[in-house]
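Next come the chains, spelled out residue by residue.
Protein chains: 4
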Amino acid sequence: MSDQPALGVAVIGYSFMGKAHSNAWRNVGAFYPDVPAVRQQVLVGRDEAKLAAAAAQYGWAQTAGDWREVITRDDVDIIDVCTPGHLHAEVALAALRAGKHVVVEKPLANSVADAEKLVAAAEHATSRSMLGFNYRRVPALALARALVADGEIGQVRQARLTYLQDWLADASAPMTWRLRKETAGTGVLGDLGSHAIDQLRYLLDEEVVAASGTLRTFVSERPGEAGTEQVTVDDAAWATLHTSGGVVASLEVSRVATGRKNALTIELFGDRGALAFDLERMNELRVHRASGPVALQGSTAIMVTEEEHPYLEAWWPAGHVLGWDHTFTSQAADFLRAIATGGPVHPTFADGLAVQRVLSAIETSAARGGARVDMR
Amino acid sequence: MSDQPALGVAVIGYSFMGKAHSNAWRNVGAFYPDVPAVRQQVLVGRDEAKLAAAAAQYGWAQTAGDWREVITRDDVDIIDVCTPGHLHAEVALAALRAGKHVVVEKPLANSVADAEKLVAAAEHATSRSMLGFNYRRVPALALARALVADGEIGQVRQARLTYLQDWLADASAPMTWRLRKETAGTGVLGDLGSHAIDQLRYLLDEEVVAASGTLRTFVSERPGEAGTEQVTVDDAAWATLHTSGGVVASLEVSRVATGRKNALTIELFGDRGALAFDLERMNELRVHRASGPVALQGSTAIMVTEEEHPYLEAWWPAGHVLGWDHTFTSQAADFLRAIATGGPVHPTFADGLAVQRVLSAIETSAARGGARVDMR
Amino acid sequence: MSDQPALGVAVIGYSFMGKAHSNAWRNVGAFYPDVPAVRQQVLVGRDEAKLAAAAAQYGWAQTAGDWREVITRDDVDIIDVCTPGHLHAEVALAALRAGKHVVVEKPLANSVADAEKLVAAAEHATSRSMLGFNYRRVPALALARALVADGEIGQVRQARLTYLQDWLADASAPMTWRLRKETAGTGVLGDLGSHAIDQLRYLLDEEVVAASGTLRTFVSERPGEAGTEQVTVDDAAWATLHTSGGVVASLEVSRVATGRKNALTIELFGDRGALAFDLERMNELRVHRASGPVALQGSTAIMVTEEEHPYLEAWWPAGHVLGWDHTFTSQAADFLRAIATGGPVHPTFADGLAVQRVLSAIETSAARGGARVDMR
Amino acid sequence: MSDQPALGVAVIGYSFMGKAHSNAWRNVGAFYPDVPAVRQQVLVGRDEAKLAAAAAQYGWAQTAGDWREVITRDDVDIIDVCTPGHLHAEVALAALRAGKHVVVEKPLANSVADAEKLVAAAEHATSRSMLGFNYRRVPALALARALVADGEIGQVRQARLTYLQDWLADASAPMTWRLRKETAGTGVLGDLGSHAIDQLRYLLDEEVVAASGTLRTFVSERPGEAGTEQVTVDDAAWATLHTSGGVVASLEVSRVATGRKNALTIELFGDRGALAFDLERMNELRVHRASGPVALQGSTAIMVTEEEHPYLEAWWPAGHVLGWDHTFTSQAADFLRAIATGGPVHPTFADGLAVQRVLSAIETSAARGGARVDMR
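If you read the protein sequences in the order shown, they are chains A, B, C and D. Counting from 2, one number per residue, gives the positions in the first sequence under the working numbering. Counting from 2, one number per residue, gives the positions in the second sequence under the working numbering. Counting from 2, one number per residue, gives the positions in the third sequence under the working numbering. Counting from 2, one number per residue, gives the positions in the fourth sequence under the working numbering.
Keep in mind that the hints were calculated from the coordinates and are not lab data. All values derive from a computational prediction rather than experimental measurement. One should not assume that every hint holds.
[Claimed, not checked] Here are the simulated distance ranges between beta carbons:
{"id": "1", "chain 1": "B", "residue 1": "D151", "chain 2": "D", "residue 2": "E183", "range": "42 to 50 Å"}
{"id": "2", "chain 1": "A", "residue 1": "A54", "chain 2": "C", "residue 2": "E222", "range": "56 to 64 Å"}
{"id": "3", "chain 1": "C", "residue 1": "W168", "chain 2": "A", "residue 2": "E222", "range": "54 to 62 Å"}
{"id": "4", "chain 1": "C", "residue 1": "E308", "chain 2": "A", "residue 2": "G225", "range": "19 to 27 Å"}
[Stated by the list, open to error] Covered by chain C, per the in silico footprint, the following chain A stretches (three or more residues, Cβ under 8 Å):
{"id": "5", "segment": "22-31"}
{"id": "6", "segment": "319-333"}
[Said to hold, decoys possible] Facing chain A, a subset of chain B residues (Cβ under 7 Å, in silico):
{"id": "7", "residue": "A170"}
{"id": "8", "residue": "S213"}
{"id": "9", "residue": "T215"}
{"id": "10", "residue": "F219"}
{"id": "11", "residue": "W239"}
{"id": "12", "residue": "T241"}
{"id": "13", "residue": "V249"}
{"id": "14", "residue": "E253"}
{"id": "15", "residue": "V257"}
{"id": "16", "residue": "F270"}
{"id": "17", "residue": "A275"}
{"id": "18", "residue": "A372"}
{"id": "19", "residue": "R373"}
No residue lacks a Cβ here, since even glycine has one placed at the ideal position from N, Cα and C.
Here chain A stands alone, though its shape is the one from the complex:
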């Protein structure tokens, strides 16, 4: 536990992501006592009554209605942006200019142009910044990256990624802002596809250099508050991605995959082994190693809860599984440690920009009937 004064945190936004990030700030010190202490200083939002309730519930000392005022406060050191995506750029840019450390929940921005501005700003800032692809802190995926880097599965050739949910499977599910292009930018491709693309880059430590894609809206009209409305974003998307290292990756994301609740699944096939992961069983990693006696080869289901595994020393004894929200706590710890040490932290805004470019290439390809788009 450091002797330094605690860092003041402000979270902008108090709904789903605000709840998750609040949970992280509230608990990070209890599991990672080596990182700088934090103060849950201020929760920012527009609806005063709801905001007050959320702040009380999630442990915030104060509330504020305007993020512009908050980013200049002396008692705030870290700005954590949990707003809808189209506001990310404006808030984060201002916060960096104000000299604050900045966390931006994914996606980095809704456009490549905005993402580029953020990358430039982060590079010139004296403060630290990080993007919130929280699944990088799933212990099983951090282990997977280490195994790939160590050559455990050899040269990777093929990757298969999905992110499947089903909350739009019912055609009578109502219209929301997420289904309008003007507010959401994109549909499931950006929302869930971005996570999968980030993992591909993270696990392989390679860039996507070409993409071909298909988008589909299966339910084109949904009941809105004022009658039937057009759905103007995709509710499923497919892509074939090519990486700088020669890997071919298939990607499939959907909000209408009946029965799948949160199925970020990843398979990597190398010339000496393979890996498989499913977020619905996030404490497990399956590893196949094509070595040793053939009669004993198979897919090994590793329960990623040993203290030898990434992040686990901070948590519970072997076999005591982690939940989804713990990834945010570990993410906060990594960010705080980087602030203290000046060392690197990921994902960077540049990672976010790279993902944005892939999403854009997929959209371009889809608009051209699936023809491959080379990105460089």
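Guided by the hints, dock chains B, C and D onto chain A, whose structure is given.
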């Protein structure tokens, strides 16, 4: 057991498929006593010594070196073509002309043109014909088709199909005729992709109407008998398929998917449910039904070994699992029954032609950088 | 969020269970805003330096060295006993006498006699008490109990329970106080068996009325600090239990089950269905219902993360899995709600006593060569 | 393929086991060309019409109504006893006396005394004999035995075995001869428990030396042809077994385990690893090895279909799964090879006797309230 004289069968080819088909003819009567009896009359092949050994081993009364002679024999009623694919058309056409019933192991032919000739011949023949996509007789898949037809999963929207093997994962695995375009026609796309495409059409009862695809040869040179040789076919392929009913299907096939031995996997997502199958666990079908109390919804692993399930009444009591080869026995039974009753039997040569056209569209798309090819 | 002043909590003990309970008190308000607010008032322990560090890390306002002093403090309303088991009775009895609400981590006590005293004290107390079998708050198990009560699986006949770990599988693992009878009372039977027995009673809502058992110490000597020491408790145990409702349950617990990290597994077989659970996949419950068409029957893997499932409304959206520690948070919420409403809360000390009696019967049976011990 | 004249086989009994054994004799030569050829000479049974139909269906040259006549025929070399268990001893003894090779389907006999007679007769016979515990020829289980023998999982300490079915789960399922003590001898204990006990002995290569047990009849009356009848055998049984090598094994067998169709499950825990098997997924073996980096340890699901695996070279390429009936074919091959070479073959009648003694010890223990019965 019928009082009719047994039907004489000739199998052309005695290697892997010859062994599997011989097994079917030897056992069909023991499990399906209601269909016409058969005589294992003659096994046809070129290498006399090997042929004689195979015939003795697999239970054939006679051998012959020339299929042309066999197709006109009076003691032969059924010609079962298990040769390499590029000979299928010639043999099958001649056999039909000779008035014989014909079974052709998949693929129907190595080209769309040949396939079209076979379809025309079959339509005009007085004898019966069938194509050997044996997985249509996996009980779990026959059940899956029935469930789709009965509307158990509602309107299907997305399908995911893979057929993954790993026998070429090792870059030092030697060259074979299967890796030369002139002998094999295509690589894994035709070999394994054809099974997957047939299943897609079979399970949905829909046609593929557009396709985009990508082919890749990861290991472009392999050790041949006379030094290093070029691999001239794909060892992995990806496609996005669009069906007449509006389903979007992703397809991925590979011979370098380390750790996967025979993974024909199929997932169908409908608006009221979903199905999942893996050939490596061929006695199981997983069914999700989005009905009843939400708290009880999930993926039901059905052990498809009940007498209420397709084909099972012929076999063993519940829980006594079937193997891969039993699919051929059931296929033979369906063909024999069709001969006896004059009723329909599938897959037809037309099914084979349809699959061939999809394969061709995928190849065309791949040659055009993945741009979508509309098939009508 | 209540307007009542927050309840002051003192946790006695700061190691593994102290960390888990601290986590619960720190977070309960964030997920269950409807229950009385709490203050993390004081953490109690003997080692001053370690205690101070733990208190700072886990969020406690103060520390204290003597639990006797703490139980009478006005700013403390709830005493949460996380000491080793042989101290549970003394602390809890004193706390009840002092009029405090009391939570006791399992086991209730190390002897039936002590457990009886605690039950009597709790019955006469004006304050509330609860025992910490935290797995009652695993959503999947709470769902299981509801399904049994609703008759979803009919009349239960057989139950199979295990609790398997492997931290003693290595014969060279060192001696600890847990392996000495004088300090630990019993071995794996009490430590893990108690959880399983509690679940059996909880899920069925029945009592165990007879037991036969076997105990075994596979590694009888282990390296201690002063040379080789005798292990004087069991490292595996087996029992056959008979319930008031005629169910026969098998029980197997082990600390040498190589490869199993935290495998509390439960299967219930009724005349109309079955349930299965494994703590290593604690967000899942498998349910078999022997109703509807036979062709569609199977084991349904329910992902217990819907808001329709027990406890889930407090947490995250569907598919965002919970971890082990969340059970303690939900347990704290149930206790606080009971304090506020005066309503019932479970497990009671009487539940703890009932478990203790079953453990005792198993030990008695084991000492008699496995002969059945009738408990009434 | 041998040049010796084919061995004539007679199967006594034509129902379930007669069908399975007929299948083995019909196919053994096709998969195991190295063993002596066989002739399906004669099928023996009492109901002439059914027998004739079965013989035609299963490929037998002749039928006979009286086994006594058959066992002396010159054209019969092997007598394969597939009658109900209470007739095994008489037929097998006579066949051995007649100098015939004898296969007896399990159980060896219905009593220890009969089993002892058979063992003595087999020892003095000049012909060969074998008992039909077919699961010894499940490739995964043969592999498991080899792994134990090779020390892959170290010193085995605990074993868990179940054999669970559910065909009696429905209380209205009708009475059969299997549920009357006078015809069946025992209930599920002998029927399914015998398989599990044989596997325990086979996998460990150890004897059971002590047992304690519990029997239960959950449904004590069932509808018979002439009104309600008493069920006089167990429909579930539990036992704790102790082996010569110090292993403790739990055993649970049931015919009322709703949802389990043929669940012979086996888990072995050694000090350096563990094995797990489930007959419902008979092509898989799960192996845990507690060696190498802790971060990579887990349970490896081996698909036991490689040519490096036991028996697989005879069958199909990797990933092409076997079915239940193939175990009988491999068993027949092993027997024929032993006849040809004079080498050993298992299981012997002595194995059957050993199993019978364990069953008897369990019954004795159950009658004594579960007290442990030492067998030597």
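Hint check results:
About 47 Å separates the C-beta atoms of D151(B) and E183(D), a value consistent with the hinted range of 42 to 50 Å. Taking the beta carbon of each, A54(A) and E222(C) are about 60 Å apart, inside 56 to 64 Å as hinted. For W168(C) paired with E222(A), a C-beta distance near 57 Å keeps the hint of 54 to 62 Å intact. Range check, E308(C) to G225(A): Cβ separation about 23 Å, and the 19 to 27 Å hint holds.
By the rule of at least three residues with a Cβ nearer than 8 Å to a Cβ of chain C, the coverage given for the segment 22-31 of chain A holds, with 6 such residues. Counting residues of the segment 319-333 of chain A whose C-beta lies closer than 8 Å to any C-beta of chain C gives 9; at least three are required, and the coverage claim holds. A least Cβ separation of about 6 Å between A170(B) and chain A falls short of the 7 Å threshold, and the interface hint therefore holds. At its closest, the beta carbon of S213(B) sits 4 Å from a beta carbon of chain A; the interface hint therefore holds under the 7 Å criterion.
Nearest Cβ of chain A to the Cβ of T215(B): about 5 Å, under the 7 Å cut. The hint holds. For the restraint placing F219(B) at the interface with chain A, the shortest Cβ-Cβ distance is roughly 5 Å, inside the 7 Å limit, so the hint holds. Evaluation of the W239(B) hint against chain A yields a held restraint, the C-beta minimum of about 5 Å falling below 7 Å. Proximity of T241(B) to chain A holds as hinted, the smallest CB-CB distance being about 5 Å (cut-off 7 Å).
Using the Cβ-Cβ criterion of 7 Å, the hint placing V249(B) at the interface with chain A is satisfied: the shortest such distance is roughly 5 Å. Because the closest C-beta pair between E253(B) and chain A is about 5 Å apart, less than 7 Å, the hint holds. Interface restraint check for V257(B): the shortest CB-CB distance to chain A comes to about 6 Å, inside 7 Å, so the restraint holds. For the restraint placing F270(B) at the interface with chain A, the shortest Cβ-Cβ distance is roughly 5 Å, inside the 7 Å limit, so the hint holds.
Proximity of A275(B) to chain A holds as hinted, the smallest CB-CB distance being about 4 Å (cut-off 7 Å). Checking A372(B) against chain A: minimum C-beta separation of about 4 Å stays under 7 Å; hint holds. Residue-level restraint check for R373(B) holds (minimum Cβ-Cβ distance to chain A is 4 Å; threshold 7 Å).
Taken one by one, the earlier hints all hold for this structure without exception.
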